[in-house]
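Student: Reassemble the complex: the two chains are provided individually, in unrelated frames, and hints are given to aid placement.
Sequence lines, in order, name chains A and B.
Okay, so the first sequence: first residue is 30 according to the working numbering, each after it adds one.
Okay, so the second sequence: first residue is 75 according to the working numbering, each after it adds one.
Worth flagging that the hints you see were computed from the coordinates, not collected in a lab.
Even glycine gets a Cβ: it sits at the ideal position worked out from N, Cα and C.
Check the hints yourself; a few may be wrong.
[To be verified] Here are the simulated DSS-like pairs of lysine-lysine, each with C-alpha atoms no more than 25 Å apart in a straight line:
1) Lys168(B) / Lys210(B)
2) Lys89(A) / Lys264(B)
3) Lys168(B) / Lys153(B)
4) Lys61(A) / Lys268(B)
5) Lys312(B) / Lys268(B)
6) Lys89(A) / Lys61(A)
7) Lys291(B) / Lys61(A)
[Unchecked claim] Just some of the chain A residues that point at chain B, by a computed CB distance under 8 Å:
8) Gly33
9) Arg34
10) Pro48
11) Leu51
12) Cys70
13) Val109
14) Gly117
15) Arg141
16) Phe144
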Amino acid sequence: MISGRTLAQGAGCECKMSPDFLKAVSLCHLSKGDYDALGLCEGKNVQLKNEFGQVVLAPKVDAGLRQGMVFIPMGPWANVLVGPDTGGCGTPQFKGIEVEVEATDASVLEIRDLFRGLRRAQT
Amino acid sequence: MIVEDAICSFCGCLCDDINVEVEEGKIKRVRHACRLGSSKILGHERIKAPMIRRGGELCMVSYQEAYDRAAEILLRAQKPLLYGWASTVCEAQKKGILLAEEVGGVLDSTATVCHGPSVIGIEEKGLPGATLGQVKNRADTIVFWGCNPAEAHPRHSLRYSSNVCGRFTPEGRAGRKIVVVDVRETRTSKNADKTVIIQPGTDYEVISALRMLVAGKGDVVPDEVGGVPKAELDGLAKTLLAARFGAVFFGLGITHSRGRYKNIDNALSLVTELNSHTKFVIMPMRGHYNVGGIGQVLAWSSGFPMSVDFTRNAPYFNPGETAACDLLAKADTDAALIIAADAASNFPRAAVEALAKIPVIQIDPYENPTTLISEVVIPSAIAGVEAEGTAYRMDGMALRMRKLVDTSYPSDEEILSHILESVHRLQRGLER
Ligand code: SF4
Chain A
30 MISGRTLAQG AGCECKMSPD FLKAVSLCHL SKGDYDALGL CEGKNVQLKN
80 EFGQVVLAPK VDAGLRQGMV FIPMGPWANV LVGPDTGGCG TPQFKGIEVE
130 VEATDASVLE IRDLFRGLRR AQT
Chain B
75 MIVEDAICSF CGCLCDDINV EVEEGKIKRV RHACRLGSSK ILGHERIKAP
125 MIRRGGELCM VSYQEAYDRA AEILLRAQKP LLYGWASTVC EAQKKGILLA
175 EEVGGVLDST ATVCHGPSVI GIEEKGLPGA TLGQVKNRAD TIVFWGCNPA
225 EAHPRHSLRY SSNVCGRFTP EGRAGRKIVV VDVRETRTSK NADKTVIIQP
275 GTDYEVISAL RMLVAGKGDV VPDEVGGVPK AELDGLAKTL LAARFGAVFF
325 GLGITHSRGR YKNIDNALSL VTELNSHTKF VIMPMRGHYN VGGIGQVLAW
375 SSGFPMSVDF TRNAPYFNPG ETAACDLLAK ADTDAALIIA ADAASNFPRA
425 AVEALAKIPV IQIDPYENPT TLISEVVIPS AIAGVEAEGT AYRMDGMALR
475 MRKLVDTSYP SDEEILSHIL ESVHRLQRGL ER
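Only chain B is shown next, with the shape it has when bound in the complex (with noise of 0.2 Å):
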């Protein structure tokens, strides 16, 4: 069986045109997705049972008894960390939030040591933005700023920007400008018209500078910024001006660097500014598949995009007091669910050295390293392979999962709504 135009639950692009070939119940062939999306959808070696750590080593147990440890965990906790939901679909996302709130928890998502700083520049901002079909369509003039697509989001310049012909812009990449503004030459900078080196940690100076010489004001820019020099910086906003929709793609580049998100909170200035000459928008290359849902599901719910406390009377949302590498570093959690994610490789090391001084829950469907720290493992079918549910594009498009095979596991909503069962059966106990 061909399941066609299936949707690809890697990175945020979500490509809805894979076709993936089912034998016997198993996936046998996946066609038009990048190494990333077949690699994911092909899948590879499962936790093969749900464990909990007894004298030091992780041993099977039944889902059951899983369920029952992890509430036990969470409820025992004063302040809990439930940290991840970016590999994972809204429905399980929403559930999260729901347990967070009954057990007096922090929700926290993968978005904290990734776009955080866009999300934050973002609230205070505004965001000038488009649908990935818009830019696909009309964009002349594409900036790759402190990304590296090529390797990160493979199809994106086929489906969606540099490469791709669309109604407006029948030539494809032959008619478009683009522009890659990095430290380093990448792929992604291989197939630009022009690519801007600057130095590290510079960012913000550049982009202030071009906001100048874009707004008329080149006569307060010094000879060089971030060590490209003023004619360079100059020609690109004669570029950028020249543009009649342009678009500006931003990474990791430059929400992991100095100035954060007063980079982004920049960026955004320079488009706005931008907008008073020509069309331009903007927008975050969001990495796994659903970081942008979690997003969406939060502030919906709580008003607040990531970073939530549910443990006072209301939503509470302070970056820098409840992301979750802030709370570990301060020893300000006592426990922690990790979810679709893998903090343990992910975040700094001495954030995993606090991690693994508490009782760790992972619900995940692949051993990790966050597996090694963990005191309960609950093994999980792979949303948007193994489980259907909706999932956001980095532009902000809702689109629906399917499911392409069957499976014994438990999907992640299942998961959640087991362990809040037995969350309200102990609390019912208590209350006897």
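Only chain A is shown next, with the shape it has when bound in the complex (with noise of 0.2 Å):
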């Protein structure tokens, strides 16, 4: 998995709360050849999973992609799956990890869902 700035994500960065932003950025960019190989179809969504946890993302085909990357545009929902260890500096590493990526029913969390049960967050 790698993560990265896209041109709707850069548009929407500084308008984070709106529903704009969530479709730009709740995505998972994957190839052709893994979106069928997944079973993929209109309304079905991708759960990605690794040691750090678990976010579900709508998909989206990238031709630049080959098969076994997918990229997600930078922000919450792919810092998810990313780890906190910075390998003594001060960076962590939000490319090159280790995903699971499997077809579900489930739906992507809203931005405010998605800060939700963090000790200050609103309820």
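Tutor: Dropping the structure here:
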């Protein structure tokens, strides 16, 4: 898994509580091959999981990706899968992370829900 | 009224040709900026008033109450973290450093989740750099390594690099060789003459192979490196050597991947090697418009470019220990002031969970996930739009940002000055 900037993410990143930001960022880009192999279709989502957490995202076919690689626009959804270790240099490894991907009927969490449950979060 | 040649305060390109139409004190139209820049300059729904969390809910308070509460939190903490600083001007950053010294805290910038590894690599090796003007006017070969300016710095290619016509590059794009090295095809690679796709996490190996090829020691390079056949790498090395003026721009694809600062260190060595044959420069594609500025201001005031610990007798810098994510991971900070950045969105989840356990003060024009975990929220003017100040472009050029419209919100600098006054008042009270 790699995470990074997209145009839509950048245009929405000063406006994170809006539905547009959710749409632009809670995405999992993957190759057509992986999309088909996972049996995805309109309305289905993907669940990504690793030792750090799990997150549900909407799949999006990206012709630039090779099979076996997913790209998530940078932001709170992608960061659920990023570990805190900085390897002594202060910067976590936001790219090149192993994740398991499967199809799911679960829905994508809204931004407020993503932060609910943290101690000081609004209820 | 039209404000001509305003500077865009979104990315490190700091485009200075933006025209902004202002009617009745409001920004109506933005010309020349890209989608990222215009969405920032046009703005949207703001935080209305300062707030303090009471009984789980954020309640509106006066600015003075918010300043006093912030000062109290910072003074009570053993080791507060003052984090962010990328989307504000140098004058505010300077005040922030003063505040960090005064309350005995750690000041860190968003560079630590971005180009921090570049900052470390450059500290080790030095930067064979140039201004973007030099690249525009002279570069005939440009490499984009692990970066995607078409989406992250949309006008970079049109103003400074691949597609612009310059003094000695009159043909623009047609006269240049553009190479992209990445783990995927991107919008940027669509504009390239050559795209080299490498396996994720192999930047270090591929750079090492290129160093050998450039140095004429290709015999030690195996048949394939990072998934790229040797012949292809050899072709790339020849392209680099054929340049009369080459420029390498690199992004988070290389700083965020396995190897991190060592990748940068190695890329700098490659450019040094290239400079024994021709002229080559290298530059990090800085993301937020003034993340370069906080590095500069910190460096000239403390001697270090980021992650500076002011809790000891002298400034102390040891990323891996004093960087925001490390402090949070080890529960080594007990309060945080987050300014001009959204830590809750951009930190790994475990660091956000740690942040939610300590009191957080947020200074920002907009509500964002950091607001959801904050104890004190202080809305500010948008630096570079509603407040003037200095910012550093990605090539280290300092530019003066004008104020485009008036606002009733205080600037970051004013807010920090007020918090500092509250700190002094509380300190005097404690002494008595
Ligand atoms: S390229 Fe960067 S600085 Fe230029 S208009 Fe776009 S966001 Fe603003």
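Student: All the hints need checking, so say for each whether the structure fits it.
Tutor: Hint-by-hint comparison with the structure:
no., hint, result
1, Lys168(B) / Lys210(B), "violated (32 Å)"
2, Lys89(A) / Lys264(B), "holds (19 Å)"
3, Lys168(B) / Lys153(B), "holds (19 Å)"
4, Lys61(A) / Lys268(B), "holds (23 Å)"
5, Lys312(B) / Lys268(B), "holds (13 Å)"
6, Lys89(A) / Lys61(A), "holds (9 Å)"
7, Lys291(B) / Lys61(A), "violated (40 Å)"
8, Gly33, "holds (6 Å)"
9, Arg34, "holds (4 Å)"
10, Pro48, "violated (13 Å)"
11, Leu51, "violated (12 Å)"
12, Cys70, "violated (24 Å)"
13, Val109, "holds (5 Å)"
14, Gly117, "holds (4 Å)"
15, Arg141, "holds (7 Å)"
16, Phe144, "holds (5 Å)"
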